[in-house]
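Q: Residues per chain are reported as follows:
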Amino acid sequence: MSELLPIDSLIKSLGAQATPVRRLLSPGRRTLGWTLVVVALAAYLMWRHGMGAMMQRWQLAPLVCCADVSAFVTCIAAGWAAFALSVPGRGKSWVWLPLPSLLIWMAASGWGCLRMLIAPDAQAVALPESADCLVFIVALSVPLSVLLVLMVRRACPLRPVQAAIMIGLASASASAALLGIFHPINSAASDLAMHVIAVLIVIGVNAAMGGRLLQPR
Amino acid sequence: MPGLTTAGTMGLYIDFPLRASPRSHVSDDIHSSQEQASQRRSAWMAAAQDGDRQAYEKVLGDSVGLIRAVARRQGVAMDSLDDVVQETLLTVHRVRHTYDPARSYDAWLAAIAARRAIDHLRSHGRHGAREVHDEFALDMHPDVGDATTQTERAQEAARLRRAVAELPAGQREAVEQLGLKEQSLAEAAEQTGRNTGALKVNLHRALKTLRQRLNGDS
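Protein chains in written order, with the working numbering: chain A, 1 to 217; chain B, 1001 to 1218.
If a hint is listed, it holds; no wrong ones were tucked in.
Distance ranges between label pairs, derived from CB positions:
1) Pro6(A) to Arg1053(B): 16 to 24 Å
2) Leu103(A) to Gln1074(B): 32 to 40 Å
3) Gln56(A) to Asp1119(B): 51 to 59 Å
4) Ser9(A) to Arg1172(B): 44 to 52 Å
Because the hints were derived from the structure by calculation, they are not lab data. Backbone N, C-alpha and C fix where the C-beta goes; we use that ideal spot for every residue, glycine too.
Looking at chain A on its own, in the form it has when it is part of the complex (with noise of 0.2 Å):
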């Protein structure tokens, strides 16, 4: 009997290991796992401080509103981005979809700090409140982040990169979404600069870490 090829022996040694594997959750349902824990932190938080003080901030400025919900509608947009990207053969087209939200959500957080500058009819923001924002969003996205991770993980990114940043751009904007529910301040431009600053810092640390820890095994 002639000796099998090394990839005649390959295939036959995986066949004896044909367990019957549990499928991935379709990438839609993983991001609504997603949303459902972002959705219990918000209920927490809106339990603890109630709902008054961001109704009346989104009375008084509805880009604030604008820019709460972009910011929630972008961690739902990245986390399904980050999951579709980490199975194999979904296009790479998918990096774009949280593009729209984050737009808006910077441009209506940056549209609002300048009407802070023409016309400072609300609350000044002093610098040691934005550094609470800044510590806030990094806080809450180590946790949300590494969430992200073990769920992507369980699939193959085979674009660990990008899948990082789309990670880092969900538990950041999440973070964002959820500090608008108990933020005392109204936009400012030391305020945005911090929540960009912070969202940044969240965003290239995946990506430095992410990275690593998403490689394909």
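Since the structure of chain A is provided, determine the placement of chain B on it from the hints.
A: For chain B alone, coordinates are given in the frame of chain A:
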């Protein structure tokens, strides 16, 4: 490739619409059979996810050609294709739970194969960059003394001796006198008692026979 075929077909048969028909049927048939093969692989992989060993072996066996094609397209050398195939098959085994039976198996596999081919090229590039190639050192220190070279030379000498021994007597004589003992034609003629013309002919035939035996039917 399909684009090229379509354009070529249109260009060739634009004046002969009656002849275009069979070609387009052939193209349709090929496309249809490829589609069927792709669907078959998807079904096998879905069964493999449920633990069907036979289906799993079939889909892995059927994937080898596709992996090779993807690896070649990425620029992997022919002698490294098997390495990429093996790496891809191992990855497929590890992440087979990520395949969605509602989607194309070929696209799923091609993405994994492309990634593995790129990984292979990168690691190969790094390996090559670490190795120093010094042509001068290579020329100055040929592998004359190592065991492999000595063994090969001994084997070649033994083959040559056997081939000379199997030559007809006249040819063997010419080789021994003119080639191995390095005698002149006149000396060899005197030793063997043959004329120089016969020695030349025998030597020529002997060399031809040896060349055939050592190179042709070795």
